[in-house]
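Chains as they are written, first to last, in this note's numbering: chain L, 1453 to 2344; chain X, 1453 to 2344.
These are computed hints drawn from the structure, not numbers from a lab.
From the three backbone atoms N, C-alpha and C, an ideal C-beta is built for every residue, glycine too.
Some hints here could point you the wrong way.
If you anchor each label on the Cβ, the simulated ranges turn out as follows [unchecked claim]:
1) D1980/X with E2076/L: 31 to 39 Å
2) I1673/X with P2133/L: 30 to 38 Å
3) R2152/L with I1673/X: 54 to 62 Å
Think about it this way: if two alpha-carbon atoms lie no more than 25 Å apart in a straight line, the pair counts; the simulated SDA-like pairs of lysine to any residue are [stated by the list, open to error]:
4) K2176/L with D2250/X
5) K1530/L with D1578/L
6) K2112/L with D1566/X
7) K2109/L with I1673/X
8) K2033/L with D2250/X
9) K2176/X with K2033/L
10) K2173/L with D1566/X
11) K1680/L with E2100/X
12) K2089/X with K2033/L
13) K1680/X with V2131/L
14) K2109/L with D1566/X
15) K2112/L with K2216/X
16) K2181/X with D1578/L
17) K2173/X with F2155/X
18) K1603/X with D1566/X
19) K2176/X with K2109/L
Protein chains: 2
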Amino acid sequence: MASKRIYEFEEGSQEMKSLLGGKGAGLAEMTKIGLPVPYGFTITTEVCNEYYKFGEKFPPSLEDEILEHLKKLEEKTKKIFGSSENPLLVSVRSGAPVSMPGMMDTILNLGLNDLTVEGLSKLTKDKRFAYDSYRRFITMFSNVVMGIEHKNFEEILEETKERFGVKSDAEIPFGGLKEIVDKFKQLYKKETGENFPQDPYKQLMMAIEAVFKSWNNKRAIEYRRIYKIPENLGTAVNIQMMVFGNAGYDSGTGVGFTRDPATGENKLYGEYLLNAQGEDVVAGIRTPKPIEELKNDIPSAYEELLRIKDILEKHYRDIQDFEFTIEKGKLFMLQTRTGQRTPIAAVKIAVDMFEEGVISKEEAVMRVNPYQVELLLHPMIDPKANVKVIAKGLPASPGAAYGKVVFDTDEAALRGNNGDEILLVRPETTPEDIHGMVAAKGILTARGGMTSHAAVVARGMGKPCIVGCEEIKIDMNGEFFVSPDGTKISKDEYITIDGGTGRVILGKAPLIEPEISGNLEKLLKFADEIRKLGVRANANTPEDAKKAKKFGAEGIGLLRIERMFLDPNRLPIVQDMIMAKTKEEREVHLKKIVPMIQKDFEEMIEIMDNLPVTIRLLDPPLHEFLPQRERIEDEIKSLKENNGDIEEIKKREKILKRIKELYEHNPMIGWRGCRVGIVYPEIYEAMIEAIIMAGINLKRKGFNPVIEIMHPLVAHENELKILKDMTDKVAEEAMKREGIEIKYLVGTMIEVPRAALCADKIAKYAEFFSFGTNDLTQTTYAFSRDDVEASFLPFYIDKKILPENPFMVLDIEGVGKLVEIGTKLGKESNSQLEVGICGEHGGEPASVKFFHKAGLDYVSCSPFRIPIAKLSAAQAVVEEKFAKKEAYSDSR
Amino acid sequence: MASKRIYEFEEGSQEMKSLLGGKGAGLAEMTKIGLPVPYGFTITTEVCNEYYKFGEKFPPSLEDEILEHLKKLEEKTKKIFGSSENPLLVSVRSGAPVSMPGMMDTILNLGLNDLTVEGLSKLTKDKRFAYDSYRRFITMFSNVVMGIEHKNFEEILEETKERFGVKSDAEIPFGGLKEIVDKFKQLYKKETGENFPQDPYKQLMMAIEAVFKSWNNKRAIEYRRIYKIPENLGTAVNIQMMVFGNAGYDSGTGVGFTRDPATGENKLYGEYLLNAQGEDVVAGIRTPKPIEELKNDIPSAYEELLRIKDILEKHYRDIQDFEFTIEKGKLFMLQTRTGQRTPIAAVKIAVDMFEEGVISKEEAVMRVNPYQVELLLHPMIDPKANVKVIAKGLPASPGAAYGKVVFDTDEAALRGNNGDEILLVRPETTPEDIHGMVAAKGILTARGGMTSHAAVVARGMGKPCIVGCEEIKIDMNGEFFVSPDGTKISKDEYITIDGGTGRVILGKAPLIEPEISGNLEKLLKFADEIRKLGVRANANTPEDAKKAKKFGAEGIGLLRIERMFLDPNRLPIVQDMIMAKTKEEREVHLKKIVPMIQKDFEEMIEIMDNLPVTIRLLDPPLHEFLPQRERIEDEIKSLKENNGDIEEIKKREKILKRIKELYEHNPMIGWRGCRVGIVYPEIYEAMIEAIIMAGINLKRKGFNPVIEIMHPLVAHENELKILKDMTDKVAEEAMKREGIEIKYLVGTMIEVPRAALCADKIAKYAEFFSFGTNDLTQTTYAFSRDDVEASFLPFYIDKKILPENPFMVLDIEGVGKLVEIGTKLGKESNSQLEVGICGEHGGEPASVKFFHKAGLDYVSCSPFRIPIAKLSAAQAVVEEKFAKKEAYSDSR
C-alpha cells in the first residue's frame, strides 16, 4: 500500500483538497473549525487512480480498510450498519479536486434494505419516513449505480399519486410508499436481471465503484477536455452518516451562499425545502422557498445558519456556497466550497471584502478573474430590460448583438457588407462561411461545441456567438427556426444573442455599452497601485483615442497610419501615388496627403496630451490600396463591350498593369512595412514630416506632445539604421525650419523572428521596441492568419493538437521564447530601451502575465480590453510576490 | 606619434602584411631570406588612415621621418637624392593589405630632374638611357599624380618616332628623347598651369600623397564594395632604390609564376622584355617574350631565376607571382605574392604540392576555394574548342549556356516555356522580366553590376548570367546587338555565354558536363578523410539518384514526394483525390497512386542500397495540384459561349469551386505540409504504405534499404506525436502482413521558427531532424521567396542593406541562431537524434562551415554541389583545428 487511503473527516483539512477532493476537504475543514458536520470519512483521489491502474478493480485490501472505517463510524454514531434495530445509514458522494459536473453526485440513505427499513421505522416511530427514505434510496441507487432511467421511477410515482388522489410526494400515505418500494424493486429486477441488493456492504461497494467509474463517463471526459483538467486528478469518495431532512416538517434541506452570488450583496442567500432530501431541491419538482422564510419555519435553524455564515466567511475569507440539512430542528452542514459568482458580484465582493477589512488589496485583485471582467466590457443586454429568452446554447464568444436572422451565408455577406444588421444562423459553420461571419453582427449555430469552427472563428473576430443551441430546430429550406417553446423565427426577424451567457432572445433587446464605474473603477484603482506593466491602447481614430482615455489608457501604443489612408477623400490620392512612375511624381501626391493626416495626428496627440502616442508608419503592401483586380477587369470588359470611352479603358488598363506588377503570392511576407519605406523613402519621409509637424504645432499651442515613431517589419539592423537616419533628418529639418524643438523617440516593431533573434544589434538604433505578436505568431508558426483560421486551425484546436488558438492566447513556449530573447538582448544592448507589445495578446490575461514576467515595460490593446490588461498585470505582480498561482483558479 | 610609421625592408616580414601591405611585406620577407631586393622602406597603412584623419593632410612630422629614412637609403646605396653627380632615384609604389586593382600603381625613376638627369647621364655614360628614364618618369608622374591622360604623351611619342623614322621606343635616338622630355614638360605646364616639379623632395611628397589619395578613388571604392573589403585597411607606400631594366640589352624586366597559373603545371612561367622598364610590360606596347627565351638572352639571370623560384616555393609553400628586373645582367626581385590561379590549376597545385611533400593533406584542402570548385561543376565550354569571343562582361552567375538571342521578355517567356532554347538579352532587367528569365537558358545584360537585379536573380535561379557587358550595343527596336568587333547578332541567332568568365561567344560553343576525376577526385578524397559532416544529395528521380551517387553522395537527404505526383499519368488521379468529398472517396484514388510511387521509391532506394534515403511526405498545399484558376474560368467561358457540353461545364465548375475553397492568401504559410496529412490522414498513410512496401520488397530481394520518413512543416510537438504514431501503425501493419521487418526512422523537417525554438519537445518524437533552411529563411525573415526576390530583395542586396542574399548564403546571425538553438535543444533532449540540413544552403561553402560548427551530422544538397559541400566540410575541420581562418582568403 502506497499511502493512507482513507481519512476520517477529523484527520483532513482544506489544504488536502487534491487528495480528499473539494467536497471531502470542505467537510474536513468544517469539522476542524467545529461546525456541525455529520461523521464520515473520505476515500482519497489516489485510490481512484489505483482503481484504474488495477484494470477497474479495487486495489487489494481496500475493502478491508473501508470496513475498518465503517466500524469507527458505527462507534461514533452508536449505530450499526445493516442493523434491523438501530441501522446506520450513509450517503456516498463523489468529490474531485476540481468541481466537475457530469460525475456521479450523491446516493442517500444507503444501508436501507427490507430489514433495516423496518428498524428505521421502529427507531423513528415513523413508518412513512422510513419507506420514503427507502424508495428514494432505490431510485438513486438504481439510477446512478445501474443506469436505470429516472423517468421509469417517476412513472410509478405518478401512477401511485394519481391512484391515491394526492399531488405531492410528501402526501403519499405509507401504504402507497410501501407499494412503490415493491414496484421499484420489481423494476430494478426487470432492468438488471438481479434482485435489488439487500446486503448493505454490497450496496456500499457498488456505490463506491460507481463513483470511480463516473470519473471516466462521457460527460466528465468532455468537461475535462474543454476545461483542460488533467485526466489523472481522480475523484475522492465521501461516506457520511445520514441526517434526514425528510424526517417531518421540523426538518428540511437547502443550499446557501454567504453573499448574493448574482449581485455580490452581503447577505445570506439561498433556498430550502421542508421535509425533503437533497435530491428534491436538485430535481426541481417542488419549488424551494427563499432562505428568509426559514426564519418563520424553523427559527433556531435560521439563527444557526446566520452564525455559521459569519464563521464560514471569517474562516474562508471568500464567498461560500454550502449545503445543509435540518433534522428535527438541528442544523447539519454537508458541504462548503468557494462560491461561483457572476462577474458583477465578483467585482463587488472583492471590493467589499477589502473595505470590510477581510482581505488585502492584493487579495481583492486576485479575487476577480480577468476573463470575467471581459464579460463586463462587451455590450451587454440591459439587466433591467424585460427580455424573452427563447433558447439557450453554449456561450462561445462574449458580447451581445441583435440583427435580422439570415440563414444563407452569401446573402449574409452581401447584406452585412452593405450595412444591414444581420445575424447569421446556421446548423454549423465551415470555412466556406467565413465571409458571411465577417459581415454578420453575431453568429448562432445549432450544433458544435466550445471549440467548433464557429466558436473558434467568432472568438478570433471578437464577435458574439452562441454554438450548440440544439434546442432550436432550423429549417434551412423554409428559412426559419423554431424555439423549444414553439416560437417560429423567420428570415429577417430580429433576435438578440448574448454570447456571454448563451441566451437567445426574441426581438431587439436593449443593449448597454460597457463603462468603468463604481466597484470596477475601485478594483482597477487597486490594480493600478499594484501593477508594474504600463497599459496603452491601440487606437487609430480620435474616437478610439477618446474611448481609450475613458478606459484608462496610459497612452497610445499603436496608431496604424494606413487607416487614415482609407478615407474616401484620400484613397484616390494614395492610389495616384502608387500609380506614379517616378519619385518626383510620388512626391507630388504625397504633398497633398501630408496636411490631411497631420490634422488627424494633431487631434489624437492632443487628446493624449502628456501621454505617449506611438505611430506606426505604413505597414500593408501598396497593392492593398488599389482596387480589386477582378473589379477592374470587369470594368474594362464592360467598357469594351459597350464601346466605352477609350480614355477610361486606358486608365483602367494602367491600373490593372500596376496591380499585376505589385501582385504577390504571399503578401503577408512580401513587400510591405519598412521594406516599402526603404525602397520608396519619400513615402515614409512624408509621414514623418506630418507627424513631426503635428507635434510642432501642438507644442506651439502649449501642449506637451510625446511622440514615438515606429517602423514596422524590421528584420535586419541595417534597415532600422537607414530609417532612424531618415527620421532624424526629416525631424531636424522641420524643427529647424519651424524654430521649435520637440522630443520624439524612434523605434521598431519586433514582429519577425529574426528581429527578436538579433535584437541586440537592432537595439543600437532603437529607442523602443514594440512586439507585434500577431505577425510574430504568423511567422513563428508559419500560420497565415487569413488562411489557417479558415482551414486547419479550428481542427487543430478541436483535436487539442494546439492547446489554444495562438492568435488569442500567446504561445508562450514558442512565440513567447522569442519575446524573451528579444527583450533580453534588446535591454542588454541598450539599457534605455523601452519595450512594449501591441496587438490583441496585450489584452489577454495569460499573455499579459507572461509579458510582465518577460520584463516588458507596457502592453497595448484595444481600448475595451484595458481593464482586463490592468487587472492581469496587477495579478502578475501578486502572483510573482506570493507565488499564489492557484489563488483564483477555483473561480475560473 | 602613435606607433612606428616607417619600416626599412630589413625590419619587416610577411606576417606584417596588414601594416606594410602585401607588396611591402613581400619585399621585407624576400630581403629577410636573402633574395636580391633593392634597398628601400615602407610607410605603413596606418599612416594612410592618419592622412584621412587629418583631413587629407600628412600627419605632423611625417615628412621629417621620411627624410630620415631617405638619408639611410642614401647611406646604403651610396647615392644622393637630388645629386647632379651620383643621383639616387627611387620607385614609389602603393601596397594595400589586400590586392586591390584601381589604386595608383607605380612611379619609377623619381628623383630625376633637369639636373639629376645629367648626373645619371654622366654616371652611366649613357645619355640616351638617362633621358629615356626621365621621359618615362614625367609620363608616370603626370599621369598618376596629376591625372593627365596617357594618350597625350603617346601622341608626342608617336609623332617623334615618325619624324625620326623609327618604330620602337628603344630606337629613338638621344636627340629625339631630349625633344620629347621638353615637350612632356610643356604638356605638363599646359595641363596643370605649373612647371614640372624640379625639387626631388617635392616629387616624392606629391607621389606619396597620390598613393594615399588613390585609396579613395572611385574604382578602389567600388572594388572594396563588391569584395567586401573594409574601408579602414588603408594602403602602405613603398619607396625603393631604382634598378634599371632599361640600361641596355643586358637589362630587362618581367613577371613570373613559380608554376603555370592556368594549368597548375610545375614549371617556371612568365614573360619579360629586354631593355625596358616595368610599365612597358603592363602597357602592352611591345610584346613580351616567354620566359624560356631568357635562357638565351641573359643565361645567368635565367639560372638565377630558376634558383629563386625554388627558394620562393620552399619558403612560401604556395605558388608565387613575382616581378623582377635585370640591370646589366644582375637580377633584382621587386615583388612576390601568392599567385592567382584558375580553378583547374588550384586543384592541381594543391594535389601536386601534397604529393611533392611540400604541404599536408589539410593544407591541400585549404588551398582550393570551394567557390572555385563550383566553377568546375557547371557545364563548361570545352577548353579544347576553338571559340570566337565577341565581347566580355561581368561574370555574374557561373555556368555556360547557348541559345537563340531574344530581346523581348514576353517572347522569351513564351518560347522558352515551349521548349525553345532562348538566351534573354536586355539592356538590364527589372522585376517585370522575371518570367522571361525563368524560361531562358541564360541572361546577358549590357548594364548593371555584380549585384544588379539580373545578377542577383540569375544566381538565385542557378542560371548562367553575364551583366554589365557594356561593350555590346543593343538596338531594341531593330532586335539586334553589335559587338565591339562589329559583329551584328540578330534575334534568333545563337550565342553562348560563359557566366563564370564573362565571355560572350559567337554561335553554339561545345559544352562539356562536369565530372569528378583526376586531381579533383584526389582532392575530394583528402576532404573525405578530414571532414566530419556527412554529405547527402537532394534527389527526386532515379536519374538524380544516379548522378548523386556519381558525385559521391552518402545517401539522399531529401526526396520530395510531390515531384512524383506531377507525372501526367498520375496528376489526374491526384486531382480526383483532391476533388473527393469524403475520406472513403479519397482512399479510392490514393489506392491507385500507391503502387505507382512505390515503384519509384524502390528504384531509388535500390540505387542507394545501404545508404539512407530520406523521403519527405507531401509538402505543397493541395491547390498546387489543381489547374490554374484562370485556365478553368476561360474554359468555362469558352464552353458556354460555344454551347459546349453541359457535363463538361459542370465538371469544370466543380473544379473551380474546389479551387476557390482551397484558395489561400498566403499559401506559403497556409494549409500545407503535415497540416494536410493531419487533417486528411489517409493521404499520408498512403504514402507511408508505399514507402514501407518499397523497403519490404527490396529487403525480400536481398537489398539493405535504409529508410527515413520525414514529416514536413511541423511546428508543435503534438503534430509529430500524431504523425509518428501514424507512421509506426502503418509500418507495423505492413510488416506484419508481409512477414518482413525493415528498419526505418521517423523524423521531421525543422523549417518554421517555432520548431527550432521548441526542438527539445519535438525531439521526443523524432529520430532525426532535417533543417529546411529555405523555408526557415522565409519565415525567420518574413521573406516570401516567390515575391521578395522579384521586388525589394535585389535593392536590399545592391544597397548593402543585407550583406548577402539569405537564400544563397545562410543568414548565420538570424536563421543560423535558430539552427544552433534547434540542434542544441534537440540533441540535449534526445542524444540519439540525427540532425541534418537539406536545401541549397547545404552546398554553399560558408553555410556548410557554419553547419559543421553548429554540430550537425550531415548536409544535403543538389548532386552537383556535393564536391563543394565536401571540400567546405573538410575546410571547416581544418579551420577549427588550426584556427587558420585566413589561410585561403587571398586566393578568393
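Each hint, compared with the structure:
Remark: the range hint 31 to 39 Å for D1980/X to E2076/L is contradicted by a beta-carbon distance near 53 Å. For the pair I1673/X and P2133/L, the supplied restraint of 30 to 38 Å is violated, since their beta-carbon distance comes to about 23 Å. R2152/L and I1673/X have their C-beta atoms about 45 Å apart, which leaves the hinted 54 to 62 Å range violated. The hinted pair formed by K2176/L and D2250/X meets the criterion: a straight-line CA distance of about 20 Å does not exceed 25 Å.
Simply put, K1530/L and D1578/L have alpha-carbon atoms about 20 Å apart, close enough for the 25 Å limit, and the pair holds. For a cut-off of 25 Å, the pair hint linking K2112/L to D1566/X is broken: about 72 Å separates their Cα positions. Of the supplied pair hints, the one linking K2109/L and I1673/X is violated, its CA atoms being roughly 39 Å apart against a limit of 25 Å. For a cut-off of 25 Å, the pair hint linking K2033/L to D2250/X stands: about 21 Å separates their Cα positions.
Proposed proximity of K2176/X and K2033/L is contradicted: the alpha carbons are some 54 Å apart, above 25 Å. The straight-line distance between the Cα atoms of K2173/L and D1566/X is roughly 56 Å, outside the 25 Å bound, and the hint therefore fails. With a C-alpha separation of about 51 Å, the suggested pair K1680/L and E2100/X falls outside the 25 Å cut-off, and the hint is violated. Distance hint between K2089/X and K2033/L is unfulfilled; the C-alpha atoms sit about 35 Å from each other, more than 25 Å.
A distance of roughly 22 Å separates the Cα atoms of K1680/X and V2131/L; the hinted pair therefore holds under the 25 Å criterion. Using a Cα cut-off of 25 Å, the hinted pair K2109/L and D1566/X is violated, with the two alpha carbons roughly 71 Å apart. Only pairs whose Cα atoms come within 25 Å are accepted, and K2112/L paired with K2216/X is rejected, the gap being roughly 46 Å. Between K2181/X and D1578/L the CA atoms are separated by roughly 65 Å; this puts the pair beyond 25 Å, and the hint is violated.
A C-alpha spacing of about 30 Å is found between K2173/X and F2155/X, which places the hinted pair above 25 Å, so the restraint is violated. Taken as a hint, the K1603/X and D1566/X pair is honoured in the structure, with Cα atoms around 24 Å apart against an allowance of 25 Å. Between K2176/X and K2109/L the CA atoms are separated by roughly 48 Å; this puts the pair beyond 25 Å, and the hint is violated.
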